[in-house]
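Based on the provided sequences and hints, a complete structural model is requested.
With our numbering applied, the sequence shown corresponds to residues 45 to 358, in that order.
There could be a bad hint or two in this list.
As the list claims (entries may be wrong) - The list that follows gives simulated cross-link-like pairs (lysine to any residue, SDA-like), each with its CA atoms no further than 20 Å apart: (1) Lys99 / Leu251; (2) Lys168 / Pro150; (3) Lys253 / Thr185; (4) Lys168 / Gly190; (5) Lys145 / Lys253; (6) Lys145 / Leu251; (7) Lys145 / Glu180.
Hints listed in this document are in silico derivations from the structure and should not be mistaken for laboratory results.
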Amino acid sequence: MIGPACVNNHNFLDKSLSIWDTFSHTRSEKILDRSNADVACDSYNLWETDVALAKALGIQFYRQSRSNKQPYLDPSSIFRRRGVRRTLEKHSIYAHPIFAKDGGWPPSIEQFVAKKSKKEGYKKSRLPAFTREEIEFIKGTYDFYGLNYYTARLASPIPPNMSVEMPGWLDGNLELGLVYKPDPKWKEGYAWLVSYPPGLRKQINWLVKQYGDMEIRIFENGYSTPDSVDVDSNRIDYLEDHLEQVLLSIHEDGHNVTAFTAWALMDNYEWSSGFKSRFGLAAVDFTDPKRKRTPRASFAFYAAVIASHSLDFY
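Below, the structure is given as structure tokens:
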């Protein structure tokens, strides 16, 4: 956990302003609670407290980076499968040059951008092609694949009579002509998060099918609740159900998944949700200048999973 989410201290010494420092101060109306990340969890000053918290949890590593979250898009019909394929290929555009055996951009993406560029009046594609030397230089340069997984959506073509406005990136993609919606049967979480644990296993299967056998480390998986909710049972269910899918991926599918990271050790600044969305295994009192941390029930659950290396510890 790093930057605006947890550490920040944007006024510290000569640290320059980040995009989120500027955005949260100049466009506070875009933040759900109009908060900023000037202090966040104050992990910069409370690092000893956080190390003790991590030790009490029993974790074997603590992730300190952040990347874009992409949803798994679950296929359930022919047109959805086409939409899912296009969407997954779009989101794998930066993985393909490194992990794919042939390297370079995904062919479908090259064709898509070239066609769109021509329509827009460009003489050549806006997506620069890799040279053969660049392809050979880049492909295969990895140690493992880092995966974030939170939620899922069903992909379908945009209906002819539907408004073209897409409020958020989880609502659809105009360029691909797709609208994304959760299945009504899936368990709803807070805001955008809808729980679909099988999607994690399906995502891993898709990655291995695309890129071959490789080590996969899951770096983000977690459940959020509103700041007004104290009940933690849904977070425990979410983690248990997703860990079960990881075990199935390892023992039934034979995939090399070597790490799982629960997001997050503690509540933090969740971007446009501000402090309204709580992901932490430990609660943080953001009204307290000392940012008191209090382990939730899910903290004890996850500690038991780590200690027993099993979900069968009840």
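Hint check:
no.: 1; hint: Lys99 / Leu251; in the structure: violated, 32 Å
no.: 2; hint: Lys168 / Pro150; in the structure: holds, 17 Å
no.: 3; hint: Lys253 / Thr185; in the structure: holds, 19 Å
no.: 4; hint: Lys168 / Gly190; in the structure: violated, 33 Å
no.: 5; hint: Lys145 / Lys253; in the structure: holds, 12 Å
no.: 6; hint: Lys145 / Leu251; in the structure: holds, 13 Å
no.: 7; hint: Lys145 / Glu180; in the structure: holds, 10 Å
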